[in-house]
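*Asks:* Residues per chain are reported as follows:
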Amino acid sequence: MAGHSSYVPGTGLTRWLDQRLPIIRLVNDSFVAFPTPRNLNFWYTFGGVLAFMLGIQIVTGIVLAMHYVPNSELAFLSVEQRIMREVNYGWLLRYLHANGASMFFIAVYIHMFRGLYYGSYKAPREVLWILGVFIYLLMVMTAFFGYVLPWGQMSFWGATVITSLFSAVDQLVPHLGTSITTWLWGGFAVDDATLNRFFSLHYLMPFVIAGVVGLHIWALHVPGNNNPLGIDVKGPQDMVPFHPYYTVKDGFFLVLFIIVYLAFVFYAPNFFGNPDNYIQANPMVTPTDIVPEWYLLPFYAMLRSVPQKLLGVLVMGGALVSLLFLPWLDTSKVRSCRFRPLMKQLFWLFAFDCVLLGYCGSQTADAVWNIAGVELPLVWIARLGTLFYFAFFWVLMPWIGKIEVTRPLPESIAQSVLSKGDGL
Amino acid sequence: MANATNPEPTRRDFLYIATGAAVTVGAAFAVWPFIDQMNPSSAVLAMASIEVDLTAIQPGQQVIFKWRGHPLFVRRRTPKEIAAARAVPVSALVDGLARNANLKDAAPASDENRVIKPEWLVLVGVCTHLGCIPTVSTPQSPQGSFGGWLCHCHGSDYDTAGRIRKGPAPQNLAVPPYAFTAPTKIKIG
Amino acid sequence: MRRLLPLAAVFAALCCSAGMAQTASEPLPPKEMNWSFDGVFGTYDRGALQRGFQVYKEVCSSCHSLNMVAFHDLAGPGGPGFTELQAKAIAAGYKIPAEPNDRGEITDDRGNRLTRPGVLADHFPQPFPNEQAARANNGGALPPDLSLIIKARNGGPNYVYSIITGFGRAPPHGFTVMSGKYYNPYFAGRNISMPPPLNKGSVSFSDGTPATVSNEAKAVVTFLSWASEPQLEARHRIGFEVLAFLVLLAGLLFLTYRKVWHGKH
Numbered sequence: 001m002a003g004h005s006s007y008v009p010g011t012g013l014t015r016w017l018d019q020r021l022p023i024i025r026l027v028n029d030s031f032v033a034f035p036t037p038r039n040l041n042f043w044y045t046f047g048g049v050l051a052f053m054l055g056i057q058i059v060t061g062i063v064l065a066m067h068y069v070p071n072s073e074l075a076f077l078s079v080e081q082r083i084m085r086e087v088n089y090g091w092l093l094r095y096l097h098a099n100g101a102s103m104f105f106i107a108v109y110i111h112m113f114r115g116l117y118y119g120s121y122k123a124p125r126e127v128l129w130i131l132g133v134f135i136y137l138l139m140v141m142t143a144f145f146g147y148v149l150p151w152g153q154m155s156f157w158g159a160t161v162i163t164s165l166f167s168a169v170d171q172l173v174p175h176l177g178t179s180i181t182t183w184l185w186g187g188f189a190v191d192d193a194t195l196n197r198f199f200s201l202h203y204l205m206p207f208v209i210a211g212v213v214g215l216h217i218w219a220l221h222v223p224g225n226n227n228p229l230g231i232d233v234k235g236p237q238d239m240v241p242f243h244p245y246y247t248v249k250d251g252f253f254l255v256l257f258i259i260v261y262l263a264f265v266f267y268a269p270n271f272f273g274n275p276d277n278y279i280q281a282n283p284m285v286t287p288t289d290i291v292p293e294w295y296l297l298p299f300y301a302m303l304r305s306v307p308q309k310l311l312g313v314l315v316m317g318g319a320l321v322s323l324l325f326l327p328w329l330d331t332s333k334v335r336s337c338r339f340r341p342l343m344k345q346l347f348w349l350f351a352f353d354c355v356l357l358g359y360c361g362s363q364t365a366d367a368v369w370n371i372a373g374v375e376l377p378l379v380w381i382a383r384l385g386t387l388f389y390f391a392f393f394w395v396l397m398p399w400i401g402k403i404e405v406t407r408p409l410p411e412s413i414a415q416s417v418l419s420k421g422d423g424l
Numbered sequence: 425m426a427n428a429t430n431p432e433p434t435r436r437d438f439l440y441i442a443t444g445a446a447v448t449v450g451a452a453f454a455v456w457p458f459i460d461q462m463n464p465s466s467a468v469l470a471m472a473s474i475e476v477d478l479t480a481i482q483p484g485q486q487v488i489f490k491w492r493g494h495p496l497f498v499r500r501r502t503p504k505e506i507a508a509a510r511a512v513p514v515s516a517l518v519d520g521l522a523r524n525a526n527l528k529d530a531a532p533a534s535d536e537n538r539v540i541k542p543e544w545l546v547l548v549g550v551c552t553h554l555g556c557i558p559t560v561s562t563p564q565s566p567q568g569s570f571g572g573w574l575c576h577c578h579g580s581d582y583d584t585a586g587r588i589r590k591g592p593a594p595q596n597l598a599v600p601p602y603a604f605t606a607p608t609k610i611k612i613g
Numbered sequence: 614m615r616r617l618l619p620l621a622a623v624f625a626a627l628c629c630s631a632g633m634a635q636t637a638s639e640p641l642p643p644k645e646m647n648w649s650f651d652g653v654f655g656t657y658d659r660g661a662l663q664r665g666f667q668v669y670k671e672v673c674s675s676c677h678s679l680n681m682v683a684f685h686d687l688a689g690p691g692g693p694g695f696t697e698l699q700a701k702a703i704a705a706g707y708k709i710p711a712e713p714n715d716r717g718e719i720t721d722d723r724g725n726r727l728t729r730p731g732v733l734a735d736h737f738p739q740p741f742p743n744e745q746a747a748r749a750n751n752g753g754a755l756p757p758d759l760s761l762i763i764k765a766r767n768g769g770p771n772y773v774y775s776i777i778t779g780f781g782r783a784p785p786h787g788f789t790v791m792s793g794k795y796y797n798p799y800f801a802g803r804n805i806s807m808p809p810p811l812n813k814g815s816v817s818f819s820d821g822t823p824a825t826v827s828n829e830a831k832a833v834v835t836f837l838s839w840a841s842e843p844q845l846e847a848r849h850r851i852g853f854e855v856l857a858f859l860v861l862l863a864g865l866l867f868l869t870y871r872k873v874w875h876g877k878h
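So the sequences go chain by chain: S, U and C. Each residue of the first sequence is one higher than the one before, counting from 1 in my numbering. Each residue of the second sequence is one higher than the one before, counting from 425 in my numbering. Each residue of the third sequence is one higher than the one before, counting from 614 in my numbering.
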């Protein structure tokens with residue numbers, strides 16, 4: 001898509017097609033001849049992993065939908081009896097899909113933290129980053145809708161709790177929030193109507209994601225890849241064609257990723273799940289500990305850390321929205337953390353903070369840390385974590401970019417590659 | 425990657441071919457669960473065989489039961505109908521095979537091979553042409569010219585042993601696997 | 614990465630010290646058992662499955678349903694290994710609520726539900742016709758369906774084993790066992806509505822296994838584990854084949870990767 005096309009149709013037929021629909025040219029220029037920095041490391045292979053996981057989720061999802069019944073009386077049975085026991089390989093497809101969601105999020109978090117570390121969100125890749133944030137938000141919504149479908153206890157109560165977040169709007173405009181939740185549910189509680197619309201949306205959203213992924217790749221191929229050095233490519237000596245260099249490299253790491261994924265599917269298929277979801281939804285009984293799926297735990301911790309309902313919802317939303325402003329909050333002229341000693345430390349603190357928040361979210365609301373005899377309620381840890389999360393984006397990052405003394409950048413990618421090996 | 429100056433396959437070529445082959449084979453195996461999931465599930469396969477009481481069926485009458493999602497014709501034939509079916513030589517039939525799940529595939533389509541007891545004709549009521557349900561012929565409302573069944577979709581005409589005699593259907597109506605569990609009780613499937 | 618290690622150590626130390634003091638109503642952690650179906654090559658012990666089926670049939674099934682398991686599953690691959698004839702005989706021994714008869718009735722003259730013998734396609738019948746009847750017969754408590762019980766409880770087989778063998782201990786001093794309930798230290802709140810289900814000799818195993826409470830419990834937990842995860846053996850076997858292939862493929866891809874990138878790094 002960028003620069004000159006190197007594609008030369010080899011036969012009469014391809015020449016004919018090329019004048020009418022240059023699709024082979026598009027594929028060739030985007031995924032075969034596409035010039036790519038020669039120094040991309042392991043962490044850059046997760047874009048390919050994510051494309052693969054989207055494909056897996058769509059294919060297994062379409063197949064599961066052939067057997068699933070979106071009806072509150074039958075949904076649980078259609079999953080746990082029909083799919084898991086009766087359909088040929090139904091258990092495999094279901095475990096692939098359920099664990100696939102978790103692996104998808106593992107990959108997306110690595111992909112996002114990699115972008116953060118190497119400054120891939122900075123000019124001229126702001127739109128690329130923002131599209132990525134939108135994909136992430138769409139993924140969260142899709143995963144939420146999907147988790148409701150098996151109609152277990154966690155499905156039901158997760159749906160109830162998350163949709164009830166909207167009732168916080170009541171504190172701004174009386175009755176508006178309640179009207180929104182009633183509209184979302186299609187009733188006065190999560191019920192058959194809710195399940196049906198969530199199924200419809202869960203089927204639709206992956207295709208929306210696929211569309212935005214198309215834009216994301218387009219926005220990647222205009223400026224071209226960033227790289228671990230964060231410097232611009234100077235010429236052909238800095239680059240290799242995407243195929244075979246990155247097809248084989250991405251392929252190798254993809255297979256390693258699939259091995260981890262399938263190890264969960266075959267030997268710990270319920271590792272990411274919650275036993276309560278093997279109990280059919282019961283609107284009369286709430287499980288003692290409702291926990292969202294692990295990939296939402298940091299946001300859940302932020303929500304719970306704020307004692308005021310509307311403010312809690314705003315903080316949680318703000319945590320996601322902050323990501324959109326990242327390209328302009330980072331004031332540094334240097335992209336990669338390799339040459340930014342302060343930002344590098346801040347990055348690891350931020351990563352630790354996200355894990356810490358996730359841990360807080362996984363514990364009960366009244367959990368307490370006992371450190372050398374001093375009782376420390378976990379909610380205070382979550383509050384500090386939330387504070388640091390926002391401070392990272394809105395205070396520390398803009399500030400550090402201005403005061404930081406960066407290390408000298410190498411002349412070019414080629415020079416750096418030839419002078420030393422490839423490290424983090 | 426073997427070029428003009430070195431047409432011999434190299435170790436590198438072998439590696440590329442082996443890797444490509446492994447990817448292809450792996451992908452081919454991975455496709456199977458996605459295909460097989462559309463085959464009948466264990467619950468469908470385990471669907472009960474049905475048991476039918478024939479006592480109430482009058483001579484010349486046909487009763488339809490449901491078996492594996494298809495209509496099952498049970499017809500109590502009159503001696504005249506049996507005689508009509510037995511009078512036809514196998515060589516005059518469109519389909520010379522019995523199509524009887526209780527017999528060998530090669531059994532000829534004689535009337536004896538179409539029944540267990542001559543009085544009772546048990547058939548899967550699905551036209552062998554394109555799957556419509558043929559209409560039974562009775563003296564009150566005759567169908568077709570052979571006294572058996574006529575399929576109204578495309579005019580396949582069956583005789584009193586359910587054998588195709590005229591029209592586009594290629595085969596005789598199928599005889600399902602069944603057995604008499606009592607003089608007037610049969611178990612199908 | 615090196616600066617992460619101390620952070621991680623602090624984090625781990627904090628996590629370990631987290632948690633609340635044990636109180637008298639906090640459940641004990643489940644007993645740690647070894648199961649034949651644990652691990653990468655785990656399979657169900659056929660003998661235990663068949664004995665467990667017997668325990669379910671003769672003991673548990675008077676209160677607990679097993680809705681998702683069909684009789685043909687008993688003869689299916691990876692299951693208790695009954696032959697199809699045995700499974701048919703087992704099915705025929707159960708009375709299944711009958712379909713309406715020719716007169717459209719589902720009860721006989723005395724108002725009893727009409728039944729028919731079970732066939733392979735039927736599922737295990739429920740002990741009570743509805744939830745209300747189940748509660749009315751069990752002091753207000755609802756005996757849960759056992760189809761997924763092993764997967765629906767934290768601790769899985771260890772938890773269920775601990776519960777059914779956890780009766781008979783004296784409650785700690787000052788602990789009140791509510792009326793109509795039983796003391797079971799492995800149950801949340803330690804007051805359980807289920808009476809002790811297993812006794813020595815509750816069943817008599819035809820294969821000569823002594824009918825101790827522990828043997829009965831092991832057998833029925835194995836059976837219920839299979840009921841929760843009937844495809845486990847296929848999963849373990851296919852998983853091994855798939856992962857072995859992928860490791861091989863990863864090796865080939867690594868060699869190809871090195872060849873392709875030779876001189877470019």
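Keep in mind that a hint or two might mislead.
Stated by the list, open to error - For lysine-lysine, the following DSS-like pairs were computed, each having C-alpha atoms within a straight-line distance of at most 30 Å:
id, chain 1, residue 1, chain 2, residue 2
1, S, K234, C, K877
2, U, K541, C, K701
3, U, K541, U, K590
4, U, K490, C, K794
5, U, K528, U, K611
6, C, K877, S, K344
7, U, K609, C, K794
8, U, K490, U, K609
9, U, K490, U, K528
10, U, K611, C, K872
11, U, K611, C, K794
12, S, K234, S, K344
13, U, K504, U, K611
14, C, K813, C, K644
15, C, K794, C, K813
16, U, K490, C, K872
17, C, K644, C, K794
18, C, K701, U, K528
19, C, K877, U, K611
20, S, K333, C, K877
21, C, K701, S, K234
22, U, K541, U, K611
23, C, K670, C, K708
Unchecked claim - Pairwise CB distance ranges (calculated):
id, chain 1, residue 1, chain 2, residue 2, range
24, S, T178, C, S792, 56 to 66 Å
25, C, H786, U, L469, 27 to 37 Å
26, C, L641, S, P283, 27 to 37 Å
Read the hints as simulated data drawn from the structure, not as lab findings. Glycine is no exception: its CB is placed at the ideal position from the N, C-alpha and C atoms.
*Asks:* Where does the structure disagree with the numbered hints, that is, which hint numbers, in rising order?
*Replies:* The structure conflicts with hints 4, 7, 10, 11, 16, 19, 21, 24, 25, although it agrees with all the remaining ones.
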